[in-house]
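Make the full structure from the sequences, and use the hints.
Residues 323 to 830 in this note's numbering are what the sequence shown spells out, letter by letter.
Simulated from the structure, these hints should not be mistaken for lab results.
Given the structure is predicted, the values throughout are model-derived calculations rather than measurements.
Take these hints with a grain of salt, some might be off.
[Stated by the list, open to error] Okay, derived cross-link-like pairs now, DSSO-like style, lysine-lysine, Cα gap no bigger than 30 Å in a straight line:
id	residue 1	residue 2
1	Lys337	Lys325
2	Lys693	Lys715
3	Lys830	Lys693
4	Lys470	Lys527
5	Lys514	Lys784
6	Lys476	Lys527
7	Lys704	Lys618
8	Lys743	Lys706
9	Lys693	Lys743
10	Lys724	Lys743
11	Lys563	Lys527
12	Lys563	Lys465
13	Lys527	Lys784
14	Lys747	Lys733
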Amino acid sequence: MDKHELDTKITDIAKTILSYCIARTSNHFEAEDLAQDIILEIYKSADNIRNANAFYGFMWAIAGNVYKQWCKKKTKNKECELTDNLIDVAETFDDDNSELYLLRRELTLLSEKHRKAVILYYIENKSCSEISKHLSISESMVKYLLFKSRQILKEGMSMERNYGQQSYNPKELSILYWGNGKNTYNTVYENKISQNILFACYNDKLTAEEISLELGIALPYIEDNLKQLVECEALGLDGRKYYTNIVIFTAECAVEVANKTRVFRNNISDTLSEIITNRNLSNSEAWLTVCCILYKAIFENLQSKVNIELPENKFGENCIVWAVEKSVDSMRNKGFEFGVSNTENENGDRVQFFDFSVNGDMVHHSFYSSKSLTNVFLDIAKGKKDFDNEFEKIVVAELVKKGYVLNENGKLMVNVPVFTKEEFKQFMSQFNSEVEIVEQNANVIMNEATKIIKNYIPVHLKSQAYQMAYFRIFEDAISVPVGTLAENKVLFPYNGNSILPTTYIILK
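Listed below in C-alpha cells is the structure:
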C-alpha cells in the first residue's frame with residue numbers, strides 16, 4: 323500500500339477510531355490521545371499490510387493492542403488485568419457515532435450488579451481488588467461480572483431494540499385501597515413510574531430490561547421501584563420475570579362494562595332522581611338521602627352477599643389494593659371520585675363519611691387516622707361545650723377551620739346531621755323500596771362485570787374476578803349515577819352555606 327493510499331484510508335477511518343476511543347475512555351482528552359496513538363501505530367506498521375483488502379482487519383487488530391497497552395498503564399493492579407476489550411465488535415460499525423449510542427443504550431439495560439462492576443472498572447479505572455472491597459464480593463466474582471457484562475453488551479449491541487408504547491404514551495392509574503389498615507405503601511403506588519411498571523407487567527411477564535424498554539426509562543431509574551413493588555407484593559417474580567399481582571381495570575375493560583350495563587346505571591340514577599324531585603328535597607337533604615340509600619344498598623346489603631375477603635398482607639393489614647386506568651371518560655376525572663368509611667368512639671357512636679370530591683376535599687382520611695379527632699367531634703355532637711385539655715382545644719380549632727364544627731358566640735355544634743340509632747332506622751325505613759331497586763341493579767351490574775373482567779385480567783388473578791366486580795361497581799353504581807344527577811342539575815356542589823351534605827353522625 324503506497325503512502326497516498328494509506329493517507330486516504332487514515333483520513334477515512336479517523337472519525338471511527340475516535341468514536342472507538344470515546345467509548346472506552348472517561349473523557350474526550352483521553353479519547354483523542356488514545357486515537358492518536360492508534361493512528362501513529364498504524365502508520366508505523368503500514369509496511370506489514372499485505373494489501374488494501376486487509377487494511378480494516380489490520381487496523382482493528384492494532385487498535386485493540388494499543389488499547390490493551392493503554393489499559394495496562396491505567397490499571398493499578400496488574401494481576402487483575404482483563405484480556406478482552408469491553409467491546410470487540412467495532413469493525414461492524416459504520417463511520418458515525420452509532421457504536422457510542424449503542425454502548426450507552428446497553429449500559430442502561432444492565433442489571434445493577436453488572437452495571438456497577440462495569441462502571442467501576444472501565445469508567446472509574448478501579449482495580450478488581452478495589453471493586454471487590456467496594457461491592458463486598460470476591461475478586462473472582464468481580465472478574466465473572468465483568469466477563470458476563472462484556473458478553474451481554476456485545477450481544478445487546480448487535481440487537482435491534484424497540485421502545486414500547488408506554489415510552490411515549492405513559493399510563494396514569496388511580497390506586498384504590500379497601501381495608502382496615504393505613505395503606506402502608508400508598509406513596510409507592512402513587513409514583514408514576516411504579517404505576518407504569520404495574521401496567522407494563524399486567525398481561526405479560528417481563529424482565530427488568532424489557533420493562534426498561536417498554537417504559538423508555540433507563541434501568542437504573544426503575545430498580546428501586548421494582549424492589550419496592552415486590553416488597554409490598556404488588557409485583558411477583560417468576561425467575562427473572564416480573565408480573566403484576568393486583569387487578570387493574572383498564573380503560574378498555576371500563577368501556578365494555580359501561581356499554582353493557584348502561585341501562586342498569588340509569589335505573590339507579592332515575593330512582594334517586596325521583597326521590598329528590600318528588601319530595602322536593604333541599605340540596606343538603608338530597609345529598610344525605612342519596613348517600614344513605616347507596617350506602618345501605620351497596621355497602622350493607624350487597625356486600626354481605628358478596629362475602630368480601632380481605633387477605634392479610636405482610637404488614638398485618640387486612641386489605642385489597644387495585645388500580646383503575648384513568649381516562650377522559652372516567653367519572654373520577656370529572657370530580658365524582660368518592661371515598662367511604664366510618665369511624666367510631668369507644669361508646670359505639672359513629673361518624674359516617676360518603677365523601678365526593680365535587681363537594682370539596684375528601685376529609686374522611688384525616689378522621690380515619692385520628693381517633694382524637696373522632697372523639698372530640700362526637701363529644702360536641704352529644705352536647706359537650708367546654709374542653710379544658712389543650713390538645714382537645716387544638717382539635718376543636720381544626721374542626722372549626724374545616725367547617726365540620728360551627729362556633730357561634732362560643733357555642734359549639736357539629737355542622738352535619740345527627741341521628742340516634744332509632745331515628746336513623748326510622749329515617750331509612752322511608753326508602754326500603756328504593757334501596758331494593760338500587761341493590762338489584764347493582765347486583766346485575768356486578769354479575770355482568772364479572773364476565774367482562776375475566777376477559778381482561780391475567781390467569782393468576784381470575785379467581786378474584788367476582789370480588790373485584792364488587793369494587794368495580796363503586797364507579798358504575800355510585801360515581802356514575804351521582805355524576806348523572808349532577809349533570810342533570812338534580813344535585814349541586816356544596817356551596818359552604820349549609821349543613822355538610824355527605825357526612826352524618828349516628829349516636830348509639
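Going through the hints against the structure:
no.	hint	result
1	Lys337 x Lys325	holds, 20 Å
2	Lys693 x Lys715	holds, 15 Å
3	Lys830 x Lys693	holds, 17 Å
4	Lys470 x Lys527	holds, 24 Å
5	Lys514 x Lys784	holds, 26 Å
6	Lys476 x Lys527	holds, 25 Å
7	Lys704 x Lys618	holds, 24 Å
8	Lys743 x Lys706	holds, 19 Å
9	Lys693 x Lys743	holds, 21 Å
10	Lys724 x Lys743	holds, 26 Å
11	Lys563 x Lys527	holds, 5 Å
12	Lys563 x Lys465	holds, 26 Å
13	Lys527 x Lys784	holds, 16 Å
14	Lys747 x Lys733	holds, 29 Å
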